[in-house]
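Enquirer: Going down the list, the sequences are from chains A and B.
Just so you know, we're using full-length UniProt numbering here: the first sequence kicks off at 1 and counts up by one.
Just so you know, we're using full-length UniProt numbering here: the second sequence kicks off at 1 and counts up by one.
Bear in mind the hints are in silico, worked out from the structure with no lab data behind them.
Hints are supplied without guarantee of correctness; some may be wrong.
Stated by the list, open to error - Pulled a few chain A residues facing chain B out of the computed Cβ check, cut under 10 angstroms:
#1 Gly20
#2 Tyr39
#3 Ile43
#4 Gln69
#5 Phe72
#6 Leu75
#7 Ala178
The structure presented is a predicted model; accordingly, all values stated were derived computationally and were not measured.
In this text, a Cβ means the ideal position worked out from N, Cα and C, and glycines have one as well.
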Amino acid sequence: MSSGPRKKALLKVIILGDSGVGKTSLMNQYVNKRFSNQYKATIGADFLTKDVMIDDRLVTMQIWDTAGQERFQSLGVAFYRGADCCVLAYDVTNSTSFKNLDSWRDEFLIQANPRDPDHFPFVLLGNKMDLEQNRAVSSKRAQTWCQSKNNIPYFEVSAKEALNVESAFQAIARDALARESQDSQDFPDFPDQIRLDPNQNNRQQGGGCNC
Amino acid sequence: MVIRHQSVESTTSRFSIFSFGIDLPISLCDDLFSSGRVHSETTSDDQSHPATTSWERSASVSGARRTRNGSVVSIEQDSTLLDVDVQRKARLVDALKKEVKNIMEEAVSKRSIDLSSNYVNALCAAVEGCLLDGLKKRMLGLLGVRTTFALLQHTAKSFPPALGVLQKLAETPKDNPWVQWCWIREALHMRVLSSIVHHISTSTNIHRLYEAHALMVDRSKGGMVAALLLGPCAVSFKRMSHEEAAEELVRQASLVQRSNGVRPPLSITRQGSSIVSVSERSSVSKDYIYSLHHNFKSSLLYGKNNVCVADSHQDEPTKGYLSLHKQTHTGLLILKWTPNQLMHANSQPCSANRENEPQPYLFKQAISIDISQIIYIHLHQKDERSPSVLIFVNAEGVQSAPLQFPMGQHSLVFLSSLESGLAPCHRLEPPLWTSHGKEKILPKIRRKTSSQGPAQDYVFRIIRISGSDGQVVDTEKQSPPNSPMPTHCVSLPNSPNVITGEHVDSLVNYQIGEACQSMKQQILARAFFGWLSYVRHLRTVRSHLMYLVERKELQDRGKGPINESFWDQCRQEKTRELEDEFLQRVYWSGIEGESPKELRRRCWPYLIGLFSWDEEMEPKTTNFTEKYRQDVEKWRLWEAEVRRLDEEAFNSARERRVSVREASITSDVFEEENDSAFRPQSSQDEERLFHLFLTNLHRIEKDVERCDRNLIFFQNKENLESLRRIMCTYITRNLEEGYVQGMCDILAPLLVVFEDEALTLECFSLLMMRMRENFPQRNGMDENLSNLRSLIQVVDPQVFSIFTLSSDFTHLYFSYRWFLLDFKRELSYEGTHRVWETIWASGRTVSPHFQLFFALALVTNYREVIIDNNMDFTDLIKFFNEMAERHDTQRILEGARSHLTALQQLVLNLP
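Let the hints inform the model, and build the full structure from the sequences given.
Expert: Right, dumping it as structure tokens:
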């Protein structure tokens, strides 16, 4: 606890995906451990928070649930800001929701404008895996897509049956956290600081001697 | 040693560890002492850590050398011998201390702490860390999972409270399998955590549980863990759901603001200063107590608690707080006495909601005396060791209740404060004497009435030092007590410091001149800033808000809501006057009648403007139904086509999957969806329209399926089907616009009222003319947000300043859903209906933007919650989402109407 100053104990996670893929259900299953078929379509945005222990570190996850219709994407800029991880969700029984993942990912990167878009942590969740008989997108297809996007972690989950939801969100928190610590190394507080490297100086001097 | 004990005392009193009535064994007390010491050092300075740990170490190592009262004979102070174990233990205990401190600080400000809050989690984690340290492998449970649950099970065998926790855990489902410390949380909740930990650390077989180097085995540190937990175990915890959290906020704010009532609406008048004063309102009692503090209006000259006043109602004299204030501007001296109970009731907010509130009675008891009205002050004191009594007598000879000071020199101190407060214009006669030690003493009494024994009685007179009189002309005489009021009072001879007139005059004049100057400046500055903000607000009003309201005001004639008989009259006579009255009554009181739903079904089409006032429903309604039927037939064809395509796609997907499974050669990653190139016989444009319909149909079905299913009306599949049909028909008529999420929410309350698909669709279409402006890619929403922003700025600058901390519009995004759906998601169906008809009636009378005023009223209704909690962007979104369907619609409607009226008056009076 007393070791080292903590930079942030809050992880902001955004769930994106087509309407009806189960974003609200996923969030509620993870935070409140309940499923209801009475969730209304999300208008605007809402979020829930949950405290989790990740490797002896206590963090608060703030999970944002957004409207699924692409027309509401323009609101994103207000909500995506400062996100630590983006969860893309699609419905395994709906191939359109899978095809739209690219546009959700691109839109997020444009609006959130993270410092290092290529390595920003995304996680893909394929929801409704309990409806295997209606599956329209195979796991392999989803995995291939993930590989093509810098190896995004992929989980098949079911918010209704609470399958894999817990482990998926733990992985999400872990990813965001790992990214955060790496981030603070990549980008120190003063990015333009001048490093006086003694080795470099020696080499230069050595070069001078050779002349 | 002396110093050590002092530091311990200060820390223990801070945590109030000794006040829980638990007998601690001597060894534990020792540990407490050492914990106190460590704490005071760690909080003050991190640099002192090595010294601390070395002391700790020597304390633990040389345990045998401890004396009975816990003092330590430290022999060597070798700071270089830092043991790894000691450091680790210190770290664990420090972490625990930090969390305990956090939770105790949190407990001060809240009545109960949410059990699932971060504070509790962090504390539990710290406790877990302490308990895990050096726990023997055998105790770690199967597979070496790092959990202390086994420890609890072991303790439960010999310690009943632990068994209680175990049973409680068995009752409630384990909420989080990978958070192992849920038993700690439960024990904390049951307030037995400290005793369990204490039991563990003092149990005789502790060496069977722990390694020798473990924290819990350490006599000093192990006991400290239990002792530290005493404080948190006294705090009350509560499990709160998210919704409760929002309501708790509202409740807390309403407690504080109960006496305040409804906030006055838009109250800019032409007097600029009112803008400033509005935000300074507060409850009476709170104000009263604040007035007792030293503040910019008055300086506190003297304050003493437990001054008694004999009360005629009670035998026992009441104790209270006596204070002497000097008002900065007027120089008036005010003496106040407040009963202790009243002070107490206000210092503890939670006690304010006790049912038998003593405040009105106590308020009557409070005394306030203007010293300028006082001529004589009587002081009675038997001797130096007994309590003294002060009585004030005003110009009319009326005596104040006797104020009884506790024994000692308190009355003298009070008199000297009074004397210095009276300067420079007045003074006490006789003046107090200054002794050699520069302390004031009571004047020596020259003559004593022998009959009264040793009692000392003084009479002081407050006299004005005036320039013209110059000399005080009283002669000396000590008046006997209990005698009738002497007509003429006598001072002592040779009063040492009577200043002669001229000198005082110049001094006084100079000081008064200074004071006047600074007062003048302050008044000017206030007036200027008042004017400045007034002008700024006027500019906002002029540029943004002026056009939101009509100039014609609407009076509430108090005729009540629309009922059946009035509506029947309206339909018979159809006069303009009746139409005006109809709109007014809807605006002020709504539509009620015997069956509001039936009546709304009849009124709403006229209110929305589907029919003109003098028109009958009939011929049009038949046309609507006929047109509706035709349109449904049209899209039914498309729908059948969509179903066919869907099925085909589904089957092909299944086949592909089967074939993939069989052959497992081809990758289906690059599969192509061949959903185009269908219907080759149709023209290109029709093809495009069909695809638009296809996409929209899927969207509509997704939303209809989950539209207000908690409502009985929509649990009926038939009604859901109606909703779907109407929406599909609407989309068919407006294919280019398409379905946007939220439309279902606007349609559903209409369908509930009309229960007629064709009529619902017509009304919905009319409504959407206005509502679609708020949907994405149009300007309505931005206009609404910007207008709401201006309104808040003018009406409630304090809330506005909180909203503008982040300098963009995002702060108002909590109201996005409000405007998109006209508050449909924020209110119950009954509330929605009521608000909607007010919005429609307002649109035809006073303002087409009533939704702005309702939104404003929603914000101002919770202004205390917002201000007290200094809510940011996320807090506001969360708060209002959690408050959805919990608002007091009637109250907010009233607020909205008065905000609107106030703006109208402001606009009418614009200079």
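Enquirer: Hints first: check each against the structure and report whether it holds.
Expert: Evaluation of the provided hints:
The interface hint given for Gly20(A) holds, since its Cβ lies 4 angstroms from the closest Cβ of chain B, which is under the 10 angstroms cut-off. The beta carbon of Tyr39(A) is positioned within 10 angstroms of a beta carbon in chain B (closest approach about 6 angstroms), and the interface hint is therefore held. Interface hint at Ile43(A): satisfied, since its Cβ lies 5 angstroms from the closest Cβ of chain B, which is below the 10 angstroms cut-off. The interface hint given for Gln69(A) holds, since its Cβ lies 5 angstroms from the closest Cβ of chain B, which is under the 10 angstroms cut-off.
For the restraint placing Phe72(A) at the interface with chain B, the shortest Cβ-Cβ distance is roughly 6 angstroms, inside the 10 angstroms limit, so the hint holds. A distance limit of 10 angstroms between C-beta atoms decides the matter here; for Leu75(A) the minimum to chain B is near 7 angstroms, and the interface restraint holds. Because the closest C-beta pair between Ala178(A) and chain B is about 18 angstroms apart, greater than 10 angstroms, the hint is violated.
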